[in-house]
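2 protein chains.
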Amino acid sequence: MSTTLLKARRGETTPQMEQVAASEKFSPDLLRERIALGQIVIPNNHRRACKAVGIGKGLRTKVNASIGTSPDLIDLKMEIEKAQIAERFGADTLMELSTGGDLRLIRRTILNTVQLPVGSVPLYQSAVEAIEQSDSVLGLNADLIFKVIEEQLEDGISFMAVHCGINLLTLERLQKQGYRHGGVVSRGGASMLAWMLHHQKENPLYEQFDRVVDLFKRYDAVLSLGNGLRAGAIHDASDRAQIQELILNIELAESARQMGVQTMVEGPGHIPIDEIEANVVLQKKMSHEAPFYMLGPITTDIAPGYDHITAAIGAAMAAAYGTDFICYVTPAEHLALPYPDDVKTGVISARIAAHVGDMIKLKDRKQDWEMAQARHNLDWERQFSLAIDPETARRFHTERMPKDAKTCTMCGSHCALKVVNEHLGMAMAACA
Amino acid sequence: MSTTLLKARRGETTPQMEQVAASEKFSPDLLRERIALGQIVIPNNHRRACKAVGIGKGLRTKVNASIGTSPDLIDLKMEIEKAQIAERFGADTLMELSTGGDLRLIRRTILNTVQLPVGSVPLYQSAVEAIEQSDSVLGLNADLIFKVIEEQLEDGISFMAVHCGINLLTLERLQKQGYRHGGVVSRGGASMLAWMLHHQKENPLYEQFDRVVDLFKRYDAVLSLGNGLRAGAIHDASDRAQIQELILNIELAESARQMGVQTMVEGPGHIPIDEIEANVVLQKKMSHEAPFYMLGPITTDIAPGYDHITAAIGAAMAAAYGTDFICYVTPAEHLALPYPDDVKTGVISARIAAHVGDMIKLKDRKQDWEMAQARHNLDWERQFSLAIDPETARRFHTERMPKDAKTCTMCGSHCALKVVNEHLGMAMAACA
Chain D
-15 MSTTLLKARR GETTPQMEQV AASEKFSPDL LRERIALGQI VIPNNHRRAC KAVGIGKGLR
45 TKVNASIGTS PDLIDLKMEI EKAQIAERFG ADTLMELSTG GDLRLIRRTI LNTVQLPVGS
105 VPLYQSAVEA IEQSDSVLGL NADLIFKVIE EQLEDGISFM AVHCGINLLT LERLQKQGYR
165 HGGVVSRGGA SMLAWMLHHQ KENPLYEQFD RVVDLFKRYD AVLSLGNGLR AGAIHDASDR
225 AQIQELILNI ELAESARQMG VQTMVEGPGH IPIDEIEANV VLQKKMSHEA PFYMLGPITT
285 DIAPGYDHIT AAIGAAMAAA YGTDFICYVT PAEHLALPYP DDVKTGVISA RIAAHVGDMI
345 KLKDRKQDWE MAQARHNLDW ERQFSLAIDP ETARRFHTER MPKDAKTCTM CGSHCALKVV
405 NEHLGMAMAA CA
Chain E
-15 MSTTLLKARR GETTPQMEQV AASEKFSPDL LRERIALGQI VIPNNHRRAC KAVGIGKGLR
45 TKVNASIGTS PDLIDLKMEI EKAQIAERFG ADTLMELSTG GDLRLIRRTI LNTVQLPVGS
105 VPLYQSAVEA IEQSDSVLGL NADLIFKVIE EQLEDGISFM AVHCGINLLT LERLQKQGYR
165 HGGVVSRGGA SMLAWMLHHQ KENPLYEQFD RVVDLFKRYD AVLSLGNGLR AGAIHDASDR
225 AQIQELILNI ELAESARQMG VQTMVEGPGH IPIDEIEANV VLQKKMSHEA PFYMLGPITT
285 DIAPGYDHIT AAIGAAMAAA YGTDFICYVT PAEHLALPYP DDVKTGVISA RIAAHVGDMI
345 KLKDRKQDWE MAQARHNLDW ERQFSLAIDP ETARRFHTER MPKDAKTCTM CGSHCALKVV
405 NEHLGMAMAA CA
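These protein sequence lines are chains D and E, in that order.
According to the numbering used here, the first sequence is numbered sequentially starting from -15.
According to the numbering used here, the second sequence is numbered sequentially starting from -15.
With the rest of the complex left out, here is chain D (with noise of 0.2 Å):
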């Protein structure tokens, strides 16, 4: 069967990309070239219909919001409120990461409850099954893995995280760099680490990448090259392990293209501000433009309970200098689990930060100049309907009304505006 990648090679523009042009007033032809090239991607399974998403140059910048089930709290009702919430609130794709209770009716679930692309995490199940089956992720072998990748394909999963480049060689520049300030972070890293490390073996996601490929062309889906080693702390970013972890998951994300698959490749994690530019601008240059998913970047570790505003900072930034796709990050990372009201905040904070950088990025100004001039003219329906979670907007402002209908309880009758448009009636300009 072909792949997306295939047929843009081909010259052909499938619908979904249609549907991505036009919905980014994006000239069909360019998208399609861009596809050939592997520097945008479009989440597909052939088994599953979903919402048409571009992800990659040019186009505006995504936000993933992951779900999923712990150990801890398994609760399908829970996860089914989650999913709706990311969608509602503008989630452009979901990552559904259960790794508790009964991991395929969840995400069978999930993937009949929303609209959007679904992704995930194989090596979290895999780990799941093997400490099932042996108590232990040492119990970890290439066939699990590998069923696992095609039971979550079989089911309709658009994009994976695969975590092919934490090999043994990545595993020999962090011996030799010697420290980890914050340890290992990914939990598929982590796991795989640790079974690399104990059997004295390659990574079997590295060492048969030729298999991995093989069963994501049979589905066209977007192959994302896992951070196995992303900074979980900031004196850990850009650390050697973590460029030399991406150093070859470039390679891999090369190699299938070439093979007719489409690719993401990851990216960190914690990152100081002065970093991120390099960050994005390595990823970029090294891969060819490739579509850059970026997780966070968080960009302090002191600031637990906020991790939304601390990541809403770093991928501001990091969409302004090119990342095409943010993972959102909500209130309970570093914490706990989160919750439907967690997803909403992770959602707009990271939807906020995506805009931030694409008023840069693409210039994608018209929505701040419709609001200043609704500010102006103090329309408030206007306004609200112009924010980005309306409903807050309109819950501050109303809970507490001003007496004069035109203003807000801010500066009640000394409203700026008010005294500019009385005494000023300043011009506003058009819109460049």
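Everything labelled a hint here was simulated from the structure, so no lab data went into it.
One thing to keep in mind: the hints can contain errors.
Copies of the same chain look alike in the list, so a pair counts if it fits in one copy or across any two.
Think about it this way: if two alpha-carbon atoms lie no more than 30 Å apart in a straight line, the pair counts; the simulated DSS-like pairs of lysine-lysine are [unchecked claim]:
1) Lys201 / Lys160
2) Lys268 / Lys35
3) Lys61 / Lys387
4) Lys390 / Lys9
5) Lys390 / Lys61
6) Lys347 / Lys269
We have chain D; now place chain E onto it with these hints.
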């Protein structure tokens, strides 16, 4: 009476300088030299003892929390609560900006509530009194404004934003520019502009600037040159009117310093993130590194209800580039007067941003390293104690208690750090 600045010039180290130097682990001599050069200020007032807080070159980025009533919401008890919350959650200064109720009673009550330096914007009270007396801000006059400034200094205000740079020259620039997408959003600026246009007269705060300086000198308070034309919309950022006012404010700050008064210069406002560096560089260069006090900066107009986040993005970058002092923004910004909960969220968000910036500006990363170590060791109590808001971090973790107390409900028994600790025994490196 002498001032902090004059003493610094004479080589005299005041007790406040010693306190600031001690709390910042800074050389008292260098601190005094920088105060003498006008690169650092310590808000002060001969009439009121307050916490010694240094603002400027080489010091930690400081956070201001603004509180105050409006004509619509007058609740002294709530203002006291807001002041206490701001102090408790780590604001470095407080601005008391009431425009409703018995302004002097409110101000004096707040000054007795906190140890922090308290600031004000005298044009607010002036406009309120003008409206009381003549039913319009057009009733403003020089004597009224100077009476208010003196009254506020007399009460113990340590720093004031005074709108001196919004003069006829600035107004001409605004008129020749011919547009303002978001109008004029500074309440002080709007009132003054309306008055100048109506009366066709120069701003008395510019015309009689020596009289302003004399008052500040008498009390040794810090004069902050206010930003009456700051952009209130992304599309107005860095426009000619704003930069013209900045030039004049810097000129005035220099002149006040020559007369022995400590000064700061204020900046915007709403700024897209690719213009933040230019705003900071310009202020720092033209002023020979006078302390820069930025409001926000807010990085998109479309997220009312979440402007603590849009401002955290901007403030983190501004602090990294060299801004010394940031004014918090609460979730209620653009919508309503903040409630106590909003004050807490605003203070914490701004403190996160200041720290993210200080990681770059001051290489201040020790707490981040300690947190990485606490996380690596799965030492939860230590994580809470290192958190910027220990209470919130603890609440997230304990309201969703994991089965294994060493982990959290995010991953439970699949905790990556647990796997790493058990299988890898990765060594921690010493902090640089």
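TODO: Determine which of the earlier numbered hints do not hold for this structure and return their numbers in increasing order.
DONE: Numbers 1 and 4, in rising order.
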